[in-house]
Structure formats: structure tokens, C-alpha cells
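So you can see what is in the structure, the chains are spelled out below.
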Amino acid sequence: MDGTPLKEEDLKKVSTIVYKPNAKYAYSAGQAYSKFLLGLKDKKIIGRKCNKCGRVYVPPRMYCDDCFRPTDEWVEVRDEGIIETVVASFISWTRERIEKPEIVGVIRLFPSNDKDWVFPGLFHRICAEFEEVKNMSLFGKKVKAVWKDNREGSINDIECFKVIE
Amino acid sequence: MKSNLYFRRVAVIGAGLTLFRRRLLETPQELAWEASRKALDEAGLDLKDIDCVVIGSAPDAFDGVHMKGEYLAHGSGGIRRMVTRVFVGGATGVMVPITAWYHVASGLCQKVLAVAEEKMSPARPHPQSVFRYIWDPITEKPLNPNLIWIFAMEMHRYMYVNKISKEEIALVSVKNKRNALNNPYAQAAGNITVDDVLKSEILVWPVQLLDTSPVSDGAAAMVIVSEDIARRYTDTPVWIEGVGWALDNTEWTGRELTYPRYLEYAARMAYKMAAIERPSKEIDVIEPYDPFDYKELHHIEGLMIAKRGEAPKLLKEGVFDIDGDIPSSPSGGLLGVGNPIAAAGLMKTISIYWQLKGTAGKMQVKKPVHTGLAQAWGDLMQASTVIVMRN
Ligand SMILES: [Zn+2]
Numbered sequence: 001m002d003g004t005p006l007k008e009e010d011l012k013k014v015s016t017i018v019y020k021p022n023a024k025y026a027y028s029a030g031q032a033y034s035k036f037l038l039g040l041k042d043k044k045i046i047g048r049k050c051n052k053c054g055r056v057y058v059p060p061r062m063y064c065d066d067c068f069r070p071t072d073e074w075v076e077v078r079d080e081g082i083i084e085t086v087v088a089s090f091i092s093w094t095r096e097r098i099e100k101p102e103i104v105g106v107i108r109l110f111p112s113n114d115k116d117w118v119f120p121g122l123f124h125r126i127c128a129e130f131e132e133v134k135n136m137s138l139f140g141k142k143v144k145a146v147w148k149d150n151r152e153g154s155i156n157d158i159e160c161f162k163v164i165e
Numbered sequence: 001m002k003s004n005l006y007f008r009r010v011a012v013i014g015a016g017l018t019l020f021r022r023r024l025l026e027t028p029q030e031l032a033w034e035a036s037r038k039a040l041d042e043a044g045l046d047l048k049d050i051d052c053v054v055i056g057s058a059p060d061a062f063d064g065v066h067m068k069g070e071y072l073a074h075g076s077g078g079i080r081r082m083v084t085r086v087f088v089g090g091a092t093g094v095m096v097p098i099t100a101w102y103h104v105a106s107g108l109c110q111k112v113l114a115v116a117e118e119k120m121s122p123a124r125p126h127p128q129s130v131f132r133y134i135w136d137p138i139t140e141k142p143l144n145p146n147l148i149w150i151f152a153m154e155m156h157r158y159m160y161v162n163k164i165s166k167e168e169i170a171l172v173s174v175k176n177k178r179n180a181l182n183n184p185y186a187q188a189a190g191n192i193t194v195d196d197v198l199k200s201e202i203l204v205w206p207v208q209l210l211d212t213s214p215v216s217d218g219a220a221a222m223v224i225v226s227e228d229i230a231r232r233y234t235d236t237p238v239w240i241e242g243v244g245w246a247l248d249n250t251e252w253t254g255r256e257l258t259y260p261r262y263l264e265y266a267a268r269m270a271y272k273m274a275a276i277e278r279p280s281k282e283i284d285v286i287e288p289y290d291p292f293d294y295k296e297l298h299h300i301e302g303l304m305i306a307k308r309g310e311a312p313k314l315l316k317e318g319v320f321d322i323d324g325d326i327p328s329s330p331s332g333g334l335l336g337v338g339n340p341i342a343a344a345g346l347m348k349t350i351s352i353y354w355q356l357k358g359t360a361g362k363m364q365v366k367k368p369v370h371t372g373l374a375q376a377w378g379d380l381m382q383a384s385t386v387i388v389m390r391n
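If you read the protein sequences in the order shown, they are chains A and B.
Everything in the first sequence is counted per UniProt numbering, starting at 1 for the first residue and increasing by one.
Everything in the second sequence is counted per UniProt numbering, starting at 1 for the first residue and increasing by one.
Do not take every clue at face value.
[Unchecked claim] A partial selection of chain B residues facing chain A, derived with a Cβ cut-off under 7 Å:
1. L25
2. P142
3. A152
4. M153
5. Y160
[What the hints assert, rightly or not] Below, simulated DSS-like cross-link-like pairs (lysine-lysine); rule was C-alpha separation at most 27 Å, straight line:
6. B/K166 x A/K134
7. B/K38 x A/K148
8. A/K100 x B/K199
9. B/K48 x B/K38
10. A/K115 x A/K100
11. A/K141 x A/K100
12. A/K141 x B/K141
Since the hints were derived computationally from the structure, they do not count as laboratory data.
Note that CB positions come from ideal geometry on N, CA and C, so glycine has one too.
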């Protein structure tokens, strides 16, 4: 016995149980993320710095992973940085085809440099075209956050990051 | 020089696999049972001989059942025995034999049944949607990510920094799907070309459909025992000589994605234990984790078998072909055999075990093999597990 694969016609015979779990979550953002989210409302990107190793955590952390001690201070990093990587999604999170690709990537925020072992990095949308993703011209480009007018303390208060030079 | 030689030697004496397919009829427990029964039969043991059971399954959400440990335990022979469940996401499949290894190496157990199972197909509308819940709920999930985003981001960075083309990467998919033609358990075997990969559906650029492994169900099992038991039951034991595992920081957005540092740590630990100083000279056959084609190259570099950015060049030269110097994924890997997550990692370990035992059938590599390695990777980009075996 090796396992029995179902054929397409078998699938028409089986009944599917569709079940929507009544599981809801109310997350606690904690000290670090709370301050971060409040910062976004004011168009600020807030991080935490460990003065022992100098690392800046964005999104912020109350402790340093490596030193295993509390991080020391709140720092505001710039809403500008460098595109580390960028991709274009032609599928939704449920794997449906989408016509206009969604462009997302990682931005290494300033102040930081490309030698940093851990840097303030934000995963977000990038306002750009598929062609620019495909021809890799976006890599290394300087970008700036485009803020929404109505901000509510969410990662979505930033519309996307836009190339500025 | 070997280190940590205070533990007992540990051997593999049996293994079993189910078919890897999308939508198998069997339940997770039934799949685990089938793989376990085959592994016991190959070892010449019965369930009554087993002291301890180790089970592995990656995100519970796939099978649609939480408390997967208890759920899987009976199909895995765990009733009235010491049962341990391990869980490091995609790295679980190799963490299962590693955990069985330290159960035996420590002297706690003599005979361990190590089982890994996954059914991805039950998730609706697609297993992709389940992956949404592995992202940070506050800073990432509101952006509606799908799992492929993260692979695409890593792949694109790897291509950019090392100046690697999609054509060079697609050769991994071509090789692995071709190797899988020799594997009777495989789901996605085929003779494809680089062109087929480049013309396949774009999912998340630069990832296209044939750059990825399929949605799969399946199970795998291994019997792992102490040296004296191994000598009693077989003339051809395969020894577990080195194990390693490590995590990197979970802030994946705050580190360089070009190089799998998490894997270098794990590999260094395993190499030290197995007294391997020059991995590219001393390892004969490898099964690096390949849920996506670029990932095999990325991992070959993390295993220090190729220098950073040089795996594609060696691939093109045929070094990793089934008749090459260091055959890579002779089983067909996840790209060719399928990717029931935890089961896929254990399948890779079993592939190396069969290669070293000389019973890999049509999958057997051409050159004589003495040392082999299997590896897996998972969690949100940062866990890795490595196992080194010798005959
Ligand atoms: Zn620190």
C-alpha cells in the first residue's frame, strides 16, 4: 500500500465539509509595536536601539536578540531608504490570479549602511511598475514613504514607498 | 578532528515512504501508518520492539487539525510509548531524524521510530491562504501577503547580488524533475526544459510555476537504533555521523537575504561532529532543501559546497547531475518528488540513507558513495537542519 491518489472524477463524488472556524483574535501590540503604530499615525517610523551593539530594530523590539538585554532608547529613523529587494505578485493570498500585479519588497531605512549585520528594514508595498521589477532597475534605488491622509495607527498608514532618485 | 565523542553511535536500519500526491484518499494517521509499517518491515522489527517515537508535522493548519502530536501519535505507533513531536516549520523533516538520533545517542532509547507526515491538500481555497497566518499579525499580515512573496524576495535579492539569471536557476528544476523520473514515489517528475520553466505561469516575479514544488500529501518514516541493535539486524547499517541545527534572527526584513547564514551555522555544527573539513571534497551526495529551484543553489552555498554565488556555475558544469561529482537531489527533491512539508525533509534523509545502503534502485547515483548529507529549512526564513550520514 503506497497511498491512493484521488482521480478528478472521484473529487466530484466526495462531499466537502466547509467550516468557518469561529476563532477571533485580539492581539496585544506590546510596548514596542504600540509606540511604532502611534508613530505611524504621526508620519514617523519609530525603532528601538541597543546601545551595546548599536543595532536599530525596526519594527521595534524591547530587547536585543543578540545581547539579550533590554534595548535602550526610542529612535526615529527616516521614512527613506534603499530597496533591498522587490517582487511583483500576480496572485492574491488565496492564489487567485490578479491582473495588475502587486509590487512589494524590503526597504533598508536610513540611517543604516549596507554593511550592517542587522538593519532597520521594512517590508511594504513599492509604487512601481512590473517592468521596473523585471529589469531589476529598482534595486538599490532610494525610496520614500507615501503617507495616507487618514492615518489610524496601522502599517497601512503608509500607502507604499516611492522612488525619489 | 571529531568532537563531542561522548555519545553512542546511531544507525538507520529501515525506511518507508508513501506516494507523494495531491489529494490522497488516506487520512494523515493512515499515511503515517503506511510509512511506519514499511520502515519497520525494512528494518525487520515490529512495533513491540520500538521504545520511542518521534513525530513531525509542519504547520498544523494544513491538515486542518491542531494538536497534531496526539492526532498523529496512533498512526505512528506512539500509543503507550514515549512520544516527542518536533516542529521547526519546513526544517521539521530533518529535525525528526536528528531528534531520534539524540534519543539514541544519549542512551535514553535503543530503537526509535521517526515519522513525518503532511497533507497540504485539505486547505481551502488553497494552502496558500493558510500560510497567511505565519506572518507577523501586526506589521505584516495587514499587507495580505502570500508565502511565495517571501521566496520571491529572497530569490530576486540572490539574483541581483550574485548576477544570476533566471535561466541559470531554472536548470535546477530541469535537473530535479528529470531525476524524479527514477523515483517511484514522485508526483511531479518530467523531462522539461529551461524554456518550459520560463514560459510557465508567473506567480510572484521572479517565481514562476515551474520554479516551485507542488502541493502534496504524503508520509515518511525511519527506524533509528543504537549500534548493538544495528549490528544484530543488518549487515549494512548507515551511520548518522553529524547533526546540526540553528535559527537566525526572525526579523527577516532586517538582514541580508542573499546568503543563508542560518544554514552555515547548522552545517558547521554537523561538519564538526562528522569531522568534515572540506565539504566539497568529502561529501559524495547531497539532498539540499529545494521547495523552489533557487533555494537548492542558495543552500548548496550555505552548506559551503560552493562559494557564495558560484553554485549556478557548478550546476551548469554538471557537478550536481546524477552522474556528476556531487549529485544533488538524486531523488528528484521537492521540485520533482513533491512537497508534503515535514514528510519532504524526511524523504530527503531517506534518499541519502538508500544511496548509502546501495538500495536506491534507479535513483542510485553512478559513483560509489560513502558520505551523504540531507538538509531542510523553514519557519519564517530562518531555521535550518542538517544531517550527515556514512556507510
Ligand atoms: Zn544588542
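Query raised in the report: Would the stated hint for B/P142 survive a check requiring a Cβ distance to chain A of less than 7 Å?
Result: holds (5 Å)
Query raised in the report: Are the Cα positions of B/K48 and B/K38 separated by 27 Å at most?
Result: Status holds; Cα separation ~15 Å.
**Report entry** Status of the B/L25 interface restraint (C-beta, 7 Å, chain A)
**Finding:** holds (4 Å)
Query raised in the report: Straight-line Cα separation of B/K38 and A/K148 no greater than 27 Å?
Result: Distance ~59 Å between B/K38 and A/K148 Cα, so the pair is violated.
Query raised in the report: Are the Cα positions of A/K100 and B/K199 separated by 27 Å at most?
Result: holds (19 Å)
Query raised in the report: Is it true that the CA of A/K115 sits at most 27 Å from the CA of A/K100?
Result: violated (35 Å)
Requested in this report: Would you check whether B/Y160 satisfies its interface hint, that is, whether its CB is within less than 7 Å of any CB in chain A?
Outcome: holds (5 Å)
Query raised in the report: Are the Cα positions of A/K141 and B/K141 separated by 27 Å at most?
Result: holds (25 Å)
Query - B/M153 as chain A interface residue, shortest Cβ-Cβ below 7 Å - result: Holds - the Cβ of B/M153 comes within 7 Å of chain A, reaching about 5 Å at its closest.
Query raised in the report: Is the shortest C-beta separation between B/A152 and chain A less than 7 Å?
Result: holds (4 Å)
Query - Hint consistency between B/K166 and A/K134 [alpha-carbon to alpha-carbon, up to 27 Å] - result: Between B/K166 and A/K134 the Cα gap is close to 11 Å, so the pair holds against 27 Å.
Query raised in the report: Straight-line Cα separation of A/K141 and A/K100 no greater than 27 Å?
Result: holds (22 Å)
Of the numbered hints given earlier, the model fails hints 7, 10; all others are met.
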